[in-house]
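Counted from 1, the sequence shown has number 10 at position 10 by the UniProt record's numbering; the numbering is strictly sequential.
Take every hint as true, because none was put in to throw you off.
Lysine-lysine pairs mimicking DSSO-like chemistry, simulated, CA-CA at most 30 Å apart:
(1) K28 to K45
(2) K28 to K85
(3) K65 to K85
(4) K45 to K84
Distance ranges between label pairs, derived from CB positions:
(5) N14 to S56: 27 to 35 Å
(6) D95 to R17: 32 to 40 Å
(7) A89 to N14: 17 to 25 Å
(8) P8 to K45: 14 to 22 Å
(9) A4 to D54: 15 to 23 Å
(10) M1 to E23: 25 to 33 Å
Hints in this document: simulated from the structure, not taken from any laboratory.
We treat Cβ as the ideally placed atom computed from N, Cα and C, and that holds for glycine.
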Amino acid sequence: MSLASILPAEAIGNAIRECQAPESFCHKKFFQLCGLTSKSPQDVKVIFSILDNDGSGFIEEEELKFFLQRFSPNARILTENETKKFLLAADEDNDGKIGAEANTFHLVLYLALVNNL
1 MSLASILPAE
11 AIGNAIRECQ
21 APESFCHKKF
31 FQLCGLTSKS
41 PQDVKVIFSI
51 LDNDGSGFIE
61 EEELKFFLQR
71 FSPNARILTE
81 NETKKFLLAA
91 DEDNDGKIGA
101 EANTFHLVLY
111 LALVNNL
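Please model the entire structure based on the sequences and the hints provided.
If you want it as structure tokens, here you go:
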């Protein structure tokens, strides 16, 4: 399964275009633009499993830097600074990875929506 089967291709394209420049990635804005904030918890779990490239049940920093490329293969990789900021926003137990078991990823999506960017 691919992210394009869950999210509209046009929305993914818009989200990718919005953060083309290095240091322009904002996870909250990206989640909203590509439609992640409107997805059900079940859809978010599927999306998490797609982003968890190695199937470990976690999204580690190394996987996170390729976050945009999971949405569009030609997208840029996140800078080290962007990757660290993104990880800090979602790593609630400070173990250096984002876990699906605590619905952390869904919580980050929810906070992005509630905080209206």
